[in-house]
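Engineer: This is what each chain is made of:
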Amino acid sequence: MSEHHKENFITKYVFSMDHKMIAKQFLLTGMFMAVVGMLMSAIFRVQLANPGESSILYNLLPSTWLNDAGGLNPDKYLALVTMHGTILVFWVLTAGLSGTFANFLIPLQIGARDMASGFLNMLSYWFFFIATVVLMSSLFVESGPASGGWTIYPPLSALPQAIPGSGTGMTLWLISITLFVVGSLLGGLNYIVTILNLRTIGMTMKRLPLTVWALLITAILGVLSFPVLLSCGLLLVFDRSFGTSFYLSDIIINGEVLHNEGGSPILFEHLFWFLGHPEVYIILLPALGIVSEVIAVNSRKPIFGYKAMVGALLLIAFLSFIVWGHHMFMTGMNPFLGSVFTFTTLLIAIPSAVKVFNYLATLWRGNIRFTPAMLFAIGTVSAFITGGLTGIILGDSALDINVHDTYFVVGHFHIVMGLSAIYGMFAGVYHWFPKMYGRMMNKHLGYIHFWGTFICAYGVFFPMHFLGLAGLPRRYYSNSAFPMFDGLSDINALITFFALAGAIVQAIFLFNFFYSIFKGTKASQNPWKSNTLEWTTPIERIHGNWPGELPVVKRWAYDYSKPGAEEDFIIQTEPLKDGEIEH
Amino acid sequence: MTNILIFIIVILVIATLVQIVRVGELLSEIKNKDVNEVSDKDNNTQGLLFLIVGFGFLIFVVWQMITWNHLLLPPASSVHGTQIDLLMKVSMGLIIVVFFITSPMLFYFAFKYRGKKSNNAYFLSHNNKLEVVWTVIPTIILTVLIIFGLKTWDNAMNVEVTESTKLIEVYAKQYNWTARYSGIDNKLGKANYKLVKGKNTLGVDMLDVNSADDKMAREVHLVVNEPVLLKFRSQDVIHSAFLPHFRVQMNCVPGISTQFGFTPNKTTAQMKESEGEDFEYVLLCNKICGASHFNMQMKFIVETQEEYDIWIASQDNLEKKLLTQK
Amino acid sequence: MDIALRNMVKKQLLWISLAAISMFFASMLSAFIVEKADVGNWKEFILPNYFVFSTGVIILSSLLLFFIKPQLKKEKSIFSLVFSVLILGIIFSYFQIKGWQQLTNQGIFLTGVGSNISGSFLYILTLTHLLHLVGGLVGLCISTIKSKQNLYSVNNYLGLELTAIYWHFLTVLWVILFAFLKFY
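Chains as they are written, first to last, in the numbering used here: chain B, 1 to 583; chain V, 1 to 326; chain E, 1 to 184.
For the record, the hints were derived by calculation from the structure and aren't laboratory data.
Be aware that one or more of the hints could be misleading.
Said to hold, decoys possible - Computed list of lysine-lysine pairs in DSS-like fashion (alpha-carbon distance at most 27 Å, straight line):
1. B:Lys519 / V:Lys31
2. B:Lys562 / V:Lys31
3. V:Lys41 / V:Lys31
4. B:Lys562 / B:Lys24
To be verified - Partial selection, computed: residues in chain V whose CB lies under 10 Å from chain B:
5. Phe7
6. Val38
7. Phe60
8. Arg114
9. Ile141
10. Asn155
11. Lys199
12. Met250
13. Lys287
14. Ile288
15. Glu307
Heads up, the beta-carbon is just placed ideally off N, CA and C, and yes, glycines get one too.
Using the sequences and the accompanying hints, generate a full structural model.
Structural biologist: Below, the structure is given as structure tokens:
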């Protein structure tokens, strides 16, 4: 686009239509929410280690959340768990991850001046921002924020009599998530159209970096699955506020007989998980895309099996639409249906295995340069292996009978989806920070951050598998009510120790991030010696990305250490030499 | 006051950190070195760290398996549960093997191929043969697992209900469980939420001929080796009946009736012998249902026929409980 | 971006949004199917006559839109054409509201003690369709004003084209909803 107006403060930093600025806005909002979500988890981990006791951390909470002895109220424990889940799943790992890197990388890596519609893009962020404000405001409601779990199953979420958080808090949750979905849809539309239409000359689909492929597939998943969350939420709104019976039937709550008849809470679960499962991959795929890029650049090798990687992404995305029932094996669904979902679910292990092996093959005989981004990328692969494998247990309906909704599940998804994605996000931030802010993040602090996080995260989430195999259900305020769990307090204390340590380690990252924005060493043009187009843009941010003509692409993104080349990288704009074959 | 103190300390710590990092960067500038450039030395340290911490993690995993093994659930106390345990052992064994092959590979590769300025990576973009191999092998393994899994699932879910299968209703509400025995006729009387009133906490329809001999109880007694079919209802929100020792779980959904049939094969007394005097079978709620979700429980007792007969005879039937005692 | 590319981008944006909207209605319809199969007290309803009329009206309005391009090619004014589509759209909305009135007279309610899930679905499906149609009406209003001012030519009528695509989509969506509610 040629008509770039002069920017003043407001249009440059606030209502910016420049994709790079919008990406930073998403990143900062996502980071803020990550801190909030992490503090929540620190608080409920303290409760789990010392049930009912008071703690200095509780000073962060409104006093109405505490009982007279200074301990946390059980329903507010559930509120914390619910908000932690909501914030991490939607705000941090969907908006914070996709929003940041889709906005930042798509135009830069495909060679476009900006997104297809800068205006829609700006709107997408501001919808997200208002959603954030609404969600945060629900923390200050007298009856507390939504407390029915992030999956908001009715009737619990529909009836304020069942839990206080299902009153105003839940209403705000629903408003907030609606705004969030609208924002995500606007973003997703834009990403898809941009990638399909605005690739520069020579940037064929076969030459796209895997980041862009992953972001494209993520956007398609989002556009097809988020509307289902809207319809699912709309019916819930009608049930909650206007007296319909879609999800409600035969209920007596607090002695009050409700008129609702005929509805089915299971219908809600079907609709919710039809979004909910693709959502898992909306979170994971961008991280895998980032990791593919970072691993290739820092191994100084082409990513192994580019076509298989794209194929695996497509297959995972397709399968993610037909596996939602594995969240519902215990709802009394038809056993045959359960078998079908077991079958489709376990199939996902195949493309996932292919991805892992391809990453390993990329590292094999590489010349690995351990930037902080590379450490986190390898961390992602490790978490993807560890967490992915336990998925084989949970996806099997027969085994799910005894581990469903236990800490085994908590351990599984925090590792495979939480850690993989957050490591991917860290990898992305460390890797593209020089492009975002023109400065480098401090390497040594990055190293400390990675090792601290890696050790603490496994210290938190791996022991959870054992809690689950001991039969401990998730979302328990305390496990002291059951003598059978008395032996687990040591494990709980260990987990809490690592959780708090891990939270402190993140302060190093925050410090490094903000320090480097202002004081970091100046970045060079192409600090990682990378092939992709974003490193051909000027270091100083300009609206429109390239000062002159758009670059013309002559080769794929992964010509690292190609025999016969002078250097161990060849930028995508470099023409093929005579007789040179494209990979 | 403490808050201000904490605030001041935090500010001081940040200021010190800024200075330290700044000095570090300035020093390397003096030495004419880019501080954030990854050197061969960095690659060596980080590669070595991957080897040490990575394998440390694997040792930590093994340590957990050994130290916490005794905390895990005892072998299943039900017929179908034994099969689930077998499937669990096989699947678990398999993923542990895969885990202990791929994870060390990852950490070892990171160490082994740590970079050196003078080295060059080996250009390898794809290898169809290899890729086919590592697509086909997981496919075969998974096919076996799927078939085994589906058989076990089928066995657990499609239990044959015969006349000797004892019918027991388990009724969930915030935050307790109530059981209803079907009585001599082994038929549960109809129930409707609209009839819940006073002592009739389950809303049993007393006009139904099958209701009179039903019995309500706050704990469930089962006869060892006798099949039982649990019928679940919920009064308010979704609960989930979870009996971890029997490998039984089923959601209790308002408006919908669900069920789970199984055969317990170890008495509570037997379990006390092997697991300690404190052992009890227990029913937990496993679906978030409100503030006291964590304390919603009911005792299950598995005993011999004789013990059971004595207990059941001591329970009033509904007719007596609801209609005669005012 | 040159104009051809920009037009294509805008059209694609619209098409992908239509895919998203379709998913919204598809999930609603599948919920309808599931509940109808499961629910014990499902109450059958008879669609009001007004919905039949409105079906005719919206199909007619969609057909009229096909004459825009030929008219523009002949460089004739399209004001009356666009304006009549707008009027038909308003009539459609009126008929929908009359239809709901007819439903309440039959004792079919959206919510409350006397309501049944079948009726609630009927109202919500038609209501959400009408909400989407309001967007179309706004587009038609703008197009009407612009066509009055003769701002469209055969090479430059993207806004109108987009409105027309959206309007056709609403027609098809309504016909599907109608057929579904009538015959399923």
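Engineer: Give me the numbers of the hints this structure contradicts, sorted from smallest to largest.
Structural biologist: 2, 4, 5, 11 and 15
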